[in-house]
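Chains as they are written, first to last, in numbering that gives the first Met the number 0: chain S, 0 to 314; chain Y, 0 to 659; chain G, 0 to 143.
Note that these hints are calculated values from the structure, not bench results.
No false leads were mixed into what you were given.
Dumping the calculated DSS-like pairs for lysine-lysine here, alpha-carbon to alpha-carbon at most 30 Å: (1) Lys-567(Y) to Lys-524(Y); (2) Lys-251(Y) to Lys-372(Y); (3) Lys-115(G) to Lys-524(Y); (4) Lys-115(G) to Lys-107(Y); (5) Lys-275(S) to Lys-195(S); (6) Lys-266(Y) to Lys-370(Y).
The following residues of chain S were derived to be distant from chain G, with all beta-carbon distances above 12 Å: (7) Lys-17; (8) Pro-30; (9) Tyr-60; (10) Leu-62; (11) Cys-208; (12) Cys-267; (13) Met-269.
Sample of chain G residues facing chain S (criterion: CB under 8 Å; computed from the structure): (14) Gln-57; (15) Pro-70; (16) Phe-81; (17) Leu-87; (18) Gly-97.
Glycine is no exception: its CB is placed at the ideal position from the N, C-alpha and C atoms.
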Amino acid sequence: MRSEAVRAAARRLLEEGKVVRFLGHAPGFDPTSPFPQLITRAEEAERLVLDHFCAPNLAKYLLDYETQEGVTAVVLKGCDALGLARLLADHRVARDRVWVVGLPCPGMLDRDKAAALLPGVQEARAEGDEFVLTGAGGERRVAAGQVLLDRCLVCAVPTPDDADELLGEPVPGRPVPREEDAAVAALEAMTSAERKAYWTEQFSRCIRCMACRNVCPACNCRSCCFDSEEPRWLSRVTDGPAQEMFHFVRALHVAGRCVDCHECERVCPMDIPLMKLNHKLLQDVEELFELERAFVPREVEPLGIYRPDDPEEFA
Amino acid sequence: MKRVGVFLCWCGSNISSAVDLDQVAEQTALLPHVVHVEQYKYLCSDPGQETVRKAIKEHALNRVVIAACSPRMHERTFRRAVGSVGLNPHLMEIANIREQCSWVHPDKVTSTPVAVDLVRTAVAKAVKDIPLEPSYVGIEKRALVVGGGIAGIQAALDIADSGYEVVLVEREPTIGGRMAQLDKTFPTLDCSSCILTPKMVEAGQDPRIRLLTYAEVESLSGYIGNFEARIRMKARSVDLDRCTGCGDCWNKCPYRSPGEFDLGLGKRKAIYLPFPQAVPNKPVLDRATCAYFQKDGKCQVCKKVCAPGAIDFEQQDEILEERFGAVVVATGFDLWDHGRYGEYGAGQHPDVISSLEFERLVSASGPTDGKIKRPSDGKLPERVVFIQCVGSRDEAKGVPYCSKVCCMYTAKHAILLKEKIPSSQSYVFYIDVRAAGKNYEEFYRRATVEYGAQYIRGRVSRIYPRGDSLVVVGEDTLLGQKVEVEADLVVLATAVVSRSDAPQVAQKLGFSYDQHGFFTEAHPKLAPVETNTAGIFLAGACQGPKDIPDTVAQAGAAAAKVVRLFAKDQLETEPTVARVDRARCAGCEWCRPICPYKAIEMEAVTERVGSGQVARRVAKVNPSLCHGCGACSVACRSGAMNLLGFSNEQVWAEVEALCL
Amino acid sequence: MSVAEREPKIVGFLCNWCSYAGADLAGTSRTSYPTSVRVIRVPCSGRVNPQFVLRAFQLGADGVLVAGCHPGDCHYSTGNYFTRRRFLLVKRFLDYLGIDQRRFRLRWISASEGPKFAETIREMTEELRQLGPRDAAAVEAHAE
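The shape of chain S in the complex, shown without the other chains:
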């Protein structure tokens, strides 16, 4: 899709010495599952790709270079850029040490959806409102709605607004009503016991791989409370209460700070609907504290301020 453009950008930036390293994507074991790739020399630019499967958010890898010299270039989509904004608001990354190569994002494909539509899918290209999938099984034309990641279907911020350069023309957001509100509402409509049962079942699958935490741009602490020995906030066993504690704390620690990038849910190997937790909190933050677009990082997080006339329901 934009592989040539990203390679050119990487070559130029490294040759000019504007940056000392460039973070992009490279093919993984499977072309639908690219790896993050760091290059430091212009001639390595050939390794980079940028296609419709480059869903992973690279922003958080910037933390790996927080103590190293020089500017890091990073390829960011609109959603990823909010992740960077999060890191900036959390003072974890200095903006002048980052060169943002922005991708006006046409939407990324869900590799599971794609594989279901065309087993053995290797590549995809966009044609209007459709995608053409190709692979060992031949070629198949599918509607964008069938194959895009859920989050891309309702993406409000496809183009980074803070990029140092853009790979292409800005793409408008999709003004689609947020379906996740309905998912939260459906859970809210249950009885307390039903919800308890629902989450117990969901959490019981958790293998505590920490992928959700590790990918999350808001989970950017230097040391995580889950790794603390004293106090042991989280039991090492994975019984019901510990699972509940883990998911409660993870969600609450990003409450008012979640950038709604859905990466946690995308990387969860056990398909735990983590965004149902994040969205609940996001909605409540917006409603209770009268905020709009609470997923956009701001100077002070909603729980770091107060208003004397906040809702009073405790008396």
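With chain S held as given, fit chains Y and G onto it using these hints.
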């Protein structure tokens, strides 16, 4: 190895009659780490404390749990007892089995398990106790007083008289403030200047007080005992060292403009002395009204006539940086702008004036030499209407609170009017007369009985001109009828409001203010002159409407607090403060906005990574500023920020022990 | 003892300056209240980490009470405003995870409100009794 000793107090029979302490002792003895359990009839008594001390030594205890009354009662007592035998005082916990057990659960059967739980929880916490030490900081024994009205002057004099240096910063060219503008004071009718001027002179002459007039505090950083202030000395265009205050310059200056001190009722020159008793008694050149600066750069009359050569057109603002140990804020008040009352003429009618303007008219040193001449035509008014609560107690257009001083000064105005114009008649429209204060009610009575002021209970709905007089339309709510009074002059008791820039001042100096812009005291009852920032104190009307006696009293109190601080050589701070685990801290700074005391700063630390050194920023708690609320410890997701004495480990252990 | 009659267990986090003093006042005035509550003293309601609250529930608390000074009266001037914000969110979130929001209470109890503290405990105890144990199975397991 933790060795916990548990001491169960009978409190006479207060505890022992309602709780089966033998059973509590028996169960407590089974707890891990508990090596000694003992009961005593009155643990807080001297022999009781001795029992604890003895057991600490005998059983080599390194943690102590006292199960007795509320820690709010005897925590200090037992900390001292424990400390006196060399155990760190913070290795002691209290289980509250009196107020929160025996006194509320009188039945032994049900209360005993509660006591067992509470003791177990205290043991669990004690096991996690760590020794805590207070920290000490030095104190810069100099005070900064911001604002040179009666509050600031009084505070400065009191502090200086105790032997400490004071810098008094006043933004006007002279000290004196509002009180200097007043004619007489209630309820004694002392001449305001006559009682204020000696204090002004005293402040000007005291070698320990350095007056910085025509100056403003730009910023304040640091903390109690160690503040650093940046003070801007505005260019006065007059060299104060050379100037003798002879007056040649302002006598010869050809340019006049409305004078601020007289609220525009009189004129002053471009180079002027705000009022004759000004301290310092030296002029200021107002560049905004000076022809040299505004027109042709020629005039220079003042410079030509100044024999000592004190006029300096080139003078620039100057920034002073000074260190202080404490700050008294006494920035005073403003008056509400009655222009916002359309029905009272929207501030357009010259004979509808504010009470402060009336003060200037009635003052012997005012623009009319004390003759009450009304502004429109200079006529002596025969009928004067005073209206109370203009802006005060008016949630719709003004402020909801009572301005406190208006009832009394209006009574004073009625008296002064009658004294100056014996044929006159005053009318006072009021909502309530609030005359609480020594000799205040009597004073108000005098105004009505001896001076014939006519009080009409009700609000004025409209003022409009008729011929060369004014018609005041209102309602007498006692008679339930409309009243119309024809008046020559109307005086409005406009609300006392905070200075328009009070919020910015509070932000600059670093303490809080309320929704009306008044500075917030640390506690409305028990810390009325402290702010929530340690080392910064309040005096006078910047904290809320106040009359002169209250202001002076508060200034004295603020000074006493400063002196109390300066009497120490070092400041001991409570050890139960927040502490950062630097290795864990990511430097996200989310602990900072939540801290009410600005106690958290960022610092750079360098660490070895691989073969090199890297620098990172981490949070740092200033123990002198931290009050130990623990809000930061919850804002911190990683647990890098912890609160000593109520640490994550301790509370976690308590929860676990309690729910066992 | 049937499940309904079982005394519920309430963990109360009380701020030192107002609510803990209020609970003490209930004591000094000999205002009796149910034995269901156990108090943990914290300097400020703003010190209460939601993780403490969930932990209490997980360890078998039927209800959790957080109490602090009335808004505007915080000893630390602003702590309880942050508490209010935080627990507005946490209360809903606990409920969302299946911990009935009636089991969690945040109350403003001043040092002079001993009766209010006692009344809060009575109310909560009654409500929790009606709700029954949070997780009957867990309670039984705990009892074994």
